[in-house]
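Trainee: Turn these sequences into a full structure, and let the hints steer you where they fit.
These are the residues of each chain, in order.
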Amino acid sequence: MYQLRNTSYVKEEVMERRDFLKSTALISGAYMMPAFLKPFEAMAKGELTGYKNLVIIQLSGGNDGLNTIIPYGNDIYYQKRKTIAINKPEIITLSDMQGLNPNLSALKEIYDQGWMSIINSVGYPNPDRSHFRSMDIWQTASDSNQFLTTGWIGRYLDSNCQSCKNPYTAIEVDDTLSLAMKGTNMKGIAVQDPNKLYQATREPFFKDLVSEHDNAHLNEDNLGYLYKTMIETYSSADYIQKTSKVYNVTAPYPTTGFANQLKNVSKFINSGLQTRVYYVSLSGFDTHVGQQNQQGRQLKIYGDAVAAFVKDLKQTGKLDDTLIMTFSEFGRRVEQNASNGTDHGTANNVLIFGGKLKKSGIFNEAPDLTQLDNGDLKYKVDFRDVYATLLDKWLDVNNSQILNKNFTGLGLV
Amino acid sequence: MSEQMNIPTQVKHLYARAGFGLRLEDLRDPANTSIKRAVKKLFENSANFEPINIVDENLDLRRKPAMQSSDEKRALQEERNRQERLLNQGWVQYLSETSAQLREKMTLFWHNHFACNIGNPQYAQELNNIERANALGNFKTMLLQVSQSPAMLQFLNNQQNQKDHPNENFARELMELFTLGRGNYTEQDIKESARAFTGWAFNGNTGTFRFNPRTHDDGPKTFFGQTGNFKGEDILDILTANKQTAVFICTKLYRYFVNDVPDANNIKQMADVFYKANYEIEPLLEFMFLADWFYADKNVGNLVKSPIELLAGLNRQFYVVYDNPAVLMQFQRTLGQVLFKPPNVAGWPGGRNWIDSSTLMYRMKIPSTILNAGVIDFTGKATPEDEAYIASQRKQQLNIIKRVQTQPDWTRFLKNIPANTSPAQVAAFILEPKLSKGIIDDINKSADIKTAVMQIVSTPEYQLC
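In order, the protein sequence lines correspond to chains A and B.
Every letter in the first sequence is one number past the one before it in this note's numbering, and letter 29, counting from 1, is 29.
Every letter in the second sequence is one number past the one before it in this note's numbering, and letter 108, counting from 1, is 108.
Treat the hints with caution; some may be incorrect.
Here are some, though not all, of the chain B residues that point toward chain A, as calculated from beta-carbon distances under 7 Å [unchecked claim]: (1) 204; (2) 302; (3) 304; (4) 344; (5) 355; (6) 358; (7) 373; (8) 376; (9) 378; (10) 382; (11) 435; (12) 460; (13) 464.
No more than 30 Å apart at the CA atoms, straight line, and that leaves these computed lysine-lysine pairs for BS3-like [as the list claims (entries may be wrong)]: (14) B:402 x B:341; (15) B:40 x B:268; (16) B:450 x A:300; (17) A:207 x B:434; (18) A:380 x A:165; (19) B:243 x A:380; (20) A:245 x B:381; (21) B:450 x B:415; (22) B:73 x A:228; (23) B:395 x A:242; (24) B:341 x A:196; (25) A:196 x B:402; (26) B:40 x A:228; (27) A:318 x A:393; (28) A:207 x B:298; (29) A:378 x B:163; (30) A:207 x B:402; (31) A:228 x B:437; (32) A:196 x B:73; (33) A:207 x B:73; (34) A:228 x B:450; (35) B:450 x A:207; (36) B:191 x B:252; (37) A:196 x B:381; (38) B:381 x A:242; (39) B:437 x A:207; (40) B:450 x A:196.
What the hints contain is simulated information worked out from the structure, not anything from laboratory work.
All values reported here derive from a predicted model rather than from experimental measurement.
Just so it is clear, CB atoms sit at the ideal spot from N, CA and C, and this is done for glycine as well.
Mentor: See below:
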């Protein structure tokens, strides 16, 4: 039952449990649920049409944008990347200027359907080239010289909006929670496997502790915080498991870990889970050495999985209500280094997918490869304008509350 | 409280913070009957410095052929991984056994303060020993040694900081994280500081610090309003002469030992002591451990144990032996703290950051996994679903025992409990936060002490110190 990350030493008796449950009093309602847990279970599936979902995909390591959405129409690209540039015949052209890395072939269909938008040159002033700093900046939506301890989705959860009152409003499909999902009072919930988390909460002694504290006034101190977190976890794990298990994903997905995470998101969305934000990561993009092979592999994993996910949602009628945003903490330098790779850079592209994009295709100009900042791309779009668009137009909150400054946003959705 | 369990709660609190928690066997120690004597004993037990010496080879110094085959590269990487594992496991086991609790608690503090994550376990061990040697010594001495360690020079790129192309990484983190804290310096200060540290490098053939005059920018620098041909050492002196450094360090120490929420007054008192003592750490700690406010109710039982503190405390209380030390790293990964692998240069943020939905469930389950093959005997009313769960847990026991391979010494633990001690009294001893009536009632229902103890260590209360 209790399973440690990266190990399989505890045999998961899921099958047996499922069989057992089918024949026990649980189904007949003999299991007593503490009163305070009931409200979370009350929502019926039917109330959820038109429920907008945001799926954030983080590519960790600093994905090289120039070899992802390739400016093949600009000779400088080939001059600066004598051995790692992608050859013209292999590129999947999208316009006269830019095309897809061949490993993203699965996305061509998505692009042609008008479900993909490419925003070029996204970044921020005074960019930081440290993985940790830049990732923190993107996750907290801070200025380059600001150090925030809450994430932008966390602050969205804090904002007490109508649709973000529950702990499971934001789910990260991972074992640990990113800073992006942590607010001052509210946090997202990290669920790699809803059944596993559910099992972890079934320990009778723990259930006893939870029910004993149901009506107690919980202090603001750390002990109160632990009990509050435990109670929320119970409620969320139960709700997520019971709601999502009734839906089985039938669309085909690749057999990668990342594709499986998106498959889980599809399950959550299609089962009617009242979650608004999903967060998923794929790492391996820090291509200082031997870039073509390493990045190629990761892009293929990414492209195949996203294409499967998008087609799945289209098929089940959820694509119009879903927006997917892909980002990385920075792009990489224009010129290749001495190890057939690239070093940390600055501005990068952001990829948006959805059924109802206002402006699909290539959103803005290809990156300028001549006006560089010490060999790095200059940003044209502040990433917080992207966030502002998502907050205002998709999540229905006032972006200035969450971004601590008013950003105009883009005409994206 | 039975007579023999009569230990001042303040002494229990002291050991929960300055060490890894009192053990039942410590009840018999007369030094633990008064705060003053307990504090004295704490320092005495940590008086000597014993370096850890687990990694005995610097793999970067091995002669490597010009062209390595991919097999050779892989073998070397495996050797590196092995050293890394041994170093990590070795330190966790040392934390679980040593009587120099205070020195190790401080070494852990400096390990986080001077957060460093590099691929050479020997340099990492060396840095760790610098922190251990100076843990209760002088901060200025430690700062200089840390700044000149190959580990830090490599991690913060000072190797690449040279006269005509300075690298500001070290200069920035030195001020932001090691001394003054954010907002107390300018970008210009960073640039000038970086120039002063040019030429600080380590010799790749010997693995020792080397000042390279050729790459050193010896021109005049203006730093915090002073101008001179500053070298690295001069910058460090100017930074520590600035009382803000004392305030910054004391604020961190306060959050580590007392309360997540800084108290400006208490910290000011600490900083005054620290600065006046010329950055000697022992008088500062002594001042804090003897202060009334250290023992105030709001400061007792309210800090979230770090994963390492949780593991070390559990190992010590129950004398746990690990037949398969590799599980220690698995536990660390699951809980979000792997020694020698901080997430970034700012270290582990700590406090509530250790807790989110998944990690809380794992943390509450780990004590029973280590001590009782995952079984927490339930003394309440079991529903049919509960019974099914309990039955499947018992079936899992053998599997868990096989994989986790931990041997707690229950005999030794139990024999240190005085006769006629109730389960609730044992709970009050093991746990720091005040117990609710509900928990006390539950625990008193236990058929035996062992059952009670399994419940005690599986409560959220056990996660706090």
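Trainee: Each of the hints needs a verdict: does it hold here or not?
Mentor: Each hint, compared with the structure:
Violation of the interface hint for residue 204 of chain B is found here, the shortest Cβ-Cβ separation to chain A being roughly 19 Å, above the 7 Å cut-off. Using the Cβ-Cβ criterion of 7 Å, the hint placing residue 302 of chain B at the interface with chain A is satisfied: the shortest such distance is roughly 5 Å. Proximity of residue 304 of chain B to chain A holds as hinted, the smallest CB-CB distance being about 6 Å (cut-off 7 Å). The criterion of a C-beta within 7 Å of any C-beta in chain A is met by residue 344 of chain B, whose closest approach is roughly 3 Å, and the hint holds.
The beta carbon of residue 355 of chain B is positioned within 7 Å of a beta carbon in chain A (closest approach about 6 Å), and the interface hint is therefore held. Given the 7 Å rule on beta carbons, the hint for residue 358 of chain B holds: about 5 Å separates it from the nearest Cβ of chain A. With 7 Å as the threshold, the beta carbon of residue 373 of chain B stays out of range of chain A, its nearest partner Cβ sitting at about 10 Å, so the hint is violated. Annotation: interface hint on residue 376 of chain B holds; nearest CB of chain A at approximately 5 Å, less than 7 Å.
Interface restraint check: residue 378 of chain B against chain A, minimum CB-CB distance 4 Å, threshold 7 Å, status holds. At a threshold of 7 Å, the smallest CB-CB gap from residue 382 of chain B to chain A is about 6 Å, leaving the interface hint in force. The interface hint given for residue 435 of chain B is broken, as the beta carbon of that residue sits about 10 Å from the closest beta carbon of chain A, more than 7 Å. This hint holds: residue 460 of chain B has a C-beta 4 Å from the nearest C-beta of chain A, less than the 7 Å allowed.
Hint on residue 464 of chain B holds. Least Cβ distance to chain A is approximately 6 Å, under the 7 Å limit. A distance of roughly 28 Å separates the Cα atoms of residue 402 of chain B and residue 341 of chain B; the hinted pair therefore holds under the 30 Å criterion. For the suggested pair residue 40 of chain B and residue 268 of chain B, the alpha carbons sit about 24 Å apart, so the restraint of at most 30 Å is met. Distance check on the hinted pair: residue 450 of chain B and residue 300 of chain A sit about 54 Å apart at the alpha-carbon level, beyond 30 Å; violated.
Distance hint between residue 207 of chain A and residue 434 of chain B is fulfilled; the C-alpha atoms sit about 21 Å from each other, no more than 30 Å. A distance of roughly 35 Å separates the Cα atoms of residue 380 of chain A and residue 165 of chain A; the hinted pair therefore is violated under the 30 Å criterion. Of the pairs offered as hints, the one joining residue 243 of chain B and residue 380 of chain A is violated, with about 43 Å between alpha carbons and a cut-off of 30 Å exceeded. At roughly 28 Å between alpha-carbon atoms, residue 245 of chain A and residue 381 of chain B fall within 30 Å of each other, so this suggested pair holds.
For a cut-off of 30 Å, the pair hint linking residue 450 of chain B to residue 415 of chain B stands: about 12 Å separates their Cα positions. For the proposed pair residue 73 of chain B and residue 228 of chain A, the alpha carbon gap of about 49 Å is over 30 Å, so the pair is violated. Taking the CA atoms of residue 395 of chain B and residue 242 of chain A, the gap is near 25 Å; set against the 30 Å cutoff, the hint holds. Between residue 341 of chain B and residue 196 of chain A the alpha-carbon distance is near 27 Å, which keeps this suggested pair within the 30 Å criterion.
Taking the CA atoms of residue 196 of chain A and residue 402 of chain B, the gap is near 21 Å; set against the 30 Å cutoff, the hint holds. Under the criterion of a C-alpha separation no larger than 30 Å, the hint pairing residue 40 of chain B with residue 228 of chain A is inconsistent with the structure, at around 39 Å. For the suggested pair residue 318 of chain A and residue 393 of chain A, the alpha carbons sit about 17 Å apart, so the restraint of at most 30 Å is met. Between the alpha carbons of residue 207 of chain A and residue 298 of chain B the distance comes to roughly 28 Å, so the proposed pair stays at or under 30 Å and holds.
As the CA atoms of residue 378 of chain A and residue 163 of chain B are separated by approximately 27 Å, the hinted pair is consistent with the 30 Å bound. At most 30 Å may separate the alpha-carbon atoms for a hinted pair to count; residue 207 of chain A and residue 402 of chain B meet this at roughly 27 Å. A threshold of 30 Å between alpha carbons decides the hint, and for residue 228 of chain A with residue 437 of chain B the separation of about 18 Å falls inside it, so the pair holds. Taking the CA atoms of residue 196 of chain A and residue 73 of chain B, the gap is near 38 Å; set against the 30 Å cutoff, the hint is violated.
A C-alpha spacing of about 51 Å is found between residue 207 of chain A and residue 73 of chain B, which places the hinted pair above 30 Å, so the restraint is violated. In summary, the hint linking residue 228 of chain A to residue 450 of chain B is supported, as the alpha carbons are separated by about 28 Å, within the 30 Å threshold. Of the supplied pair hints, the one linking residue 450 of chain B and residue 207 of chain A holds, its CA atoms being roughly 20 Å apart against a limit of 30 Å. Of the supplied pair hints, the one linking residue 191 of chain B and residue 252 of chain B holds, its CA atoms being roughly 26 Å apart against a limit of 30 Å.
With a CA separation close to 24 Å, the supplied pair residue 196 of chain A and residue 381 of chain B stays within the 30 Å bound. About 24 Å separates the Cα atoms of residue 381 of chain B and residue 242 of chain A, which keeps this hinted pair within 30 Å; it holds. Only pairs whose Cα atoms come within 30 Å are accepted, and residue 437 of chain B paired with residue 207 of chain A is accepted, the gap being roughly 17 Å. At roughly 28 Å between alpha-carbon atoms, residue 450 of chain B and residue 196 of chain A fall within 30 Å of each other, so this suggested pair holds.
Violated hints, listed in ascending order, are 1, 7, 11, 16, 18, 19, 22, 26, 32 and 33; each of the other numbered hints is respected by the structure.
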